[in-house]
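Asker: These protein sequence lines are chains A and B, in that order.
So that you can map any letter, position 214 of the first sequence is 214 in the numbering used here, and since no number is skipped, the others follow by simple counting.
So that you can map any letter, position 30 of the second sequence is 30 in the numbering used here, and since no number is skipped, the others follow by simple counting.
It should be emphasised that the hints constitute simulated quantities derived from the structure, not laboratory data.
Please read these numbers as outputs of a predicted model, since none were measured by experiment.
Even for Gly, the Cβ is constructed at its ideal location relative to N, Cα and C.
Be a bit skeptical, because a hint or two may be false.
[Claimed, not checked] A partial selection of chain B residues facing chain A, derived with a Cβ cut-off under 8 angstroms:
{"hint": "1", "residue": "M1"}
{"hint": "2", "residue": "V4"}
{"hint": "3", "residue": "S10"}
{"hint": "4", "residue": "C11"}
{"hint": "5", "residue": "P12"}
{"hint": "6", "residue": "V16"}
{"hint": "7", "residue": "V38"}
{"hint": "8", "residue": "E41"}
{"hint": "9", "residue": "N42"}
{"hint": "10", "residue": "R45"}
{"hint": "11", "residue": "L46"}
{"hint": "12", "residue": "S49"}
{"hint": "13", "residue": "I66"}
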Amino acid sequence: MHLIPDPNLIAGMERAEDAGVYRISDDLAVIQTLDFFTPIVDDPYTFGQVAAANALSDVYAMGGKPLTAMNIVCFPVKTMDMAILNEILSGGLDKLHEAGVTLVGGHSVEDKELKYGLSVTGTIHPQRVILNTGAQADDRLILTKPLGTGIINTALKGGMADEVAVAKSVKCMVALNKKASELMLTVDTHACTDVTGFGLLGHACEMIEGTDVGLVINSADVPYFPEVVELSEMGMIPGGLHRNREFRMNMVEFNPDVLLFMSDVLFDPQTSGGLLIAVPEPQAALLVEKMHKEGIEEAAIIGDVVAHPKGRIVVR
Amino acid sequence: MIEVDVRGFSCPIPVVRTKKAIEDNPGTPVTVLVETAVSKENVSRLAQSRGYSVDVEEVEDGFRIILSPSSK
Numbered sequence: 001m002h003l004i005p006d007p008n009l010i011a012g013m014e015r016a017e018d019a020g021v022y023r024i025s026d027d028l029a030v031i032q033t034l035d036f037f038t039p040i041v042d043d044p045y046t047f048g049q050v051a052a053a054n055a056l057s058d059v060y061a062m063g064g065k066p067l068t069a070m071n072i073v074c075f076p077v078k079t080m081d082m083a084i085l086n087e088i089l090s091g092g093l094d095k096l097h098e099a100g101v102t103l104v105g106g107h108s109v110e111d112k113e114l115k116y117g118l119s120v121t122g123t124i125h126p127q128r129v130i131l132n133t134g135a136q137a138d139d140r141l142i143l144t145k146p147l148g149t150g151i152i153n154t155a156l157k158g159g160m161a162d163e164v165a166v167a168k169s170v171k172c173m174v175a176l177n178k179k180a181s182e183l184m185l186t187v188d189t190h191a192c193t194d195v196t197g198f199g200l201l202g203h204a205c206e207m208i209e210g211t212d213v214g215l216v217i218n219s220a221d222v223p224y225f226p227e228v229v230e231l232s233e234m235g236m237i238p239g240g241l242h243r244n245r246e247f248r249m250n251m252v253e254f255n256p257d258v259l260l261f262m263s264d265v266l267f268d269p270q271t272s273g274g275l276l277i278a279v280p281e282p283q284a285a286l287l288v289e290k291m292h293k294e295g296i297e298e299a300a301i302i303g304d305v306v307a308h309p310k311g312r313i314v315v316r
Numbered sequence: 001m002i003e004v005d006v007r008g009f010s011c012p013i014p015v016v017r018t019k020k021a022i023e024d025n026p027g028t029p030v031t032v033l034v035e036t037a038v039s040k041e042n043v044s045r046l047a048q049s050r051g052y053s054v055d056v057e058e059v060e061d062g063f064r065i066i067l068s069p070s071s072k
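Pulled out of the complex, with its shape left as it was, chain B reads as follows (with noise of 0.2 angstroms):
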């Protein structure tokens, strides 16, 4: 399982870094820990036009979302 924290970060990092981790790890479900309600959702829209199908968990300091890619 490939894990990407980039809590602390402000948008766009969390996007660009989750956007590298999907490119270098195709078919593989990354775990993204964001801090804020908005990088959750520009993260889980980065992940849905990539066609991975996505579950946020809040967690004590953030946002935990699971990126799964879609079964073919």
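So here's chain A without its partners, still in its complex pose (with noise of 0.2 angstroms):
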């Protein structure tokens, strides 16, 4: 694709950033980004919600204020219920009022199978937009969400998962982004990128791809589901996790130590997941006690930014 340069292009295509921002003036820039997808979970109010959550988390993973969105609808007319439809929009809806962002419209489409999602506007200073790169050694990785959502949505459709499961699942899902970008406003971030198709390995790949730092991820602090451990010998694997592995081996190495269910939860593709920061030491530890104090209870400190090896993850 021939892309035209553009002086006030901060983060377009060239990258993998979460979203795209374009500066408007010296002190402010907008940021835009959409996502929609097919259900998830068989509740359509809880799916409107998830939706929501996913799409504000690209505003909030680039440190930005979600201000409008729009919703994106493809729906069955002539076979489903419209009541289902509204339950989504619903749930998307108070998802919205609860980040405190104004939808202003949306469109919709007649198609064979449903999906939902929303594209999302919010503002930034230009100079403090949260790259995915721009990590340095030394600095601490901090993940907020537990892994695992992509392992136990495919066993829900496999009628394979217990309750428990997906109602820990759901919880994560449905929870905002906000409070933990807010949070990692109040220190000196060097890089963030929520967690989501790819995996936590695929992203953070994507955080040191051609820079000059590496990664080390200390796997028994990994916050994940306890749940997964068993639906991943089960064999209930999504297969964007087996694509997400193929994908992305090269740049990571296993410690032979480290368990295969946990090679899963870390390549898992994550719906509405947590954020990825990258923190300077001596203010991690802090940041993550006020994660936990503003209910991010499974905030953790996962690994450390090294020098060397540079463009690599050491999953130990």
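Using the hints, build the complex out of the two chains.
Answerer: The structure is reproduced here in structure tokens:
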């Protein structure tokens, strides 16, 4: 694709950023993102909430403030009850209200398969954009939500997930990354991304690809849903997880004593996952403590940014 | 020999059908026909966790997986 250079484009398609950022003036930039997908949970209201939390997350990951949103709907009008669509939209709207974001419109098309998502617009100071890259050696890595939603969603599709696991996964997916984002702005955050379809390691690779640093992940410190251990053994592995592993394995080195289920967890595609944040070491523990106080209970320091090996991730 | 043909289905259906087949027929070898490498991997994982030995044969439209209960 031929992209025309634009001096006002702060984050565009050239790197795998979470959202596009465009400078309007010296002290104002606009952030734009959109995301939509097929249902990942059975309840339509919950699906709406997850879709909205997920779409908003890209703005939070850049350190921005989402202002407005528009619905994107693909709906099988002929075969599905319109009440379901109303439930989905109301789930999305409630999540927007919680985030303090105004719904300004939307568009729907008829489709055989239901899909819902949102386009979100936010603002940020052009000098304060937090990119995927920028992590520095000796930073610590913080993850704000547990992993395993992809595996649990796959088990749910197969009727193999127990209620407790599903409830935990839903609670995680509907949680906004708003507070986590606001808190990361109170310290000297160097880099941030949200963990979604490529899994923790896929997004971690984007943080270091082509840079002068590498990462060490301490698998024992990574928060995950304990139910995924059994589900992973049972083969409840989303196709995306296998693809994520295949795509990024050449950048990742696993210590031999890291178990297979942990490798699954680290490559598991997440829906509305947490933020992965690189923060200077002296501020990391305090930031996690603040997160815990604000109800982001599972936030944890999961590893370190290192000078060697650069461009690689070691999982130990 | 029990045969589970889940070609044309994507995960988790192949795993779910295989699980049912091995639970309904304990101690019996089961052959599973799958289309994709993902299904092959997932079905093999399930079978191994249930103590089956797994033999995979590549066939024209996917994989034939032969699951044999381990001799105790």
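Asker: Interface hint check: E41 (chain B), Cβ to nearest Cβ on chain A, cutoff 8 angstroms. Holds or violated?
Answerer: At about 6 angstroms, which falls below the 8 angstroms cut-off, the nearest Cβ of chain A leaves the hint on E41 (chain B) intact, so it holds.
Asker: Using the nearest Cβ pair, does C11 (chain B) come within less than 8 angstroms of chain A?
Answerer: 6 angstroms, holds
Asker: Is the shortest C-beta separation between I66 (chain B) and chain A less than 8 angstroms?
Answerer: 16 angstroms, violated
Asker: Answer holds if the nearest beta-carbon of chain A is closer than 8 angstroms to that of V4 (chain B); otherwise answer violated.
Answerer: 13 angstroms, violated
Asker: Using Cβ atoms only, decide whether P12 (chain B) comes closer than 8 angstroms to chain A, and label the hint accordingly.
Answerer: Check passed: Cβ of P12 (chain B) comes within 3 angstroms of chain A, closer than 8 angstroms.
Asker: Minimum Cβ distance from V16 (chain B) to chain A below 8 angstroms?
Answerer: 4 angstroms, holds
Asker: Any CB of chain A closer than 8 angstroms to the CB of L46 (chain B)?
Answerer: 4 angstroms, holds
Asker: Restraint: R45 (chain B) near chain A, CB-CB cut 8 angstroms. Satisfied or not?
Answerer: 4 angstroms, holds
Asker: Would you check whether S49 (chain B) satisfies its interface hint, that is, whether its CB is within less than 8 angstroms of any CB in chain A?
Answerer: With a closest approach of 4 angstroms, the S49 (chain B) hint holds.
Asker: With chain A as the partner, please determine if S10 (chain B) meets the hint condition of a C-beta pair closer than 8 angstroms.
Answerer: 7 angstroms, holds
Asker: Using Cβ atoms only, decide whether M1 (chain B) comes closer than 8 angstroms to chain A, and label the hint accordingly.
Answerer: Since the shortest Cβ distance to chain A is 21 angstroms, the answer is violated.
Asker: Quick check on the hint: V38 (chain B) CB to chain A CB, less than 8 angstroms?
Answerer: 5 angstroms, holds
Going down the numbered hints, you'll see the structure goes against 1, 2 and 13, while the others check out.
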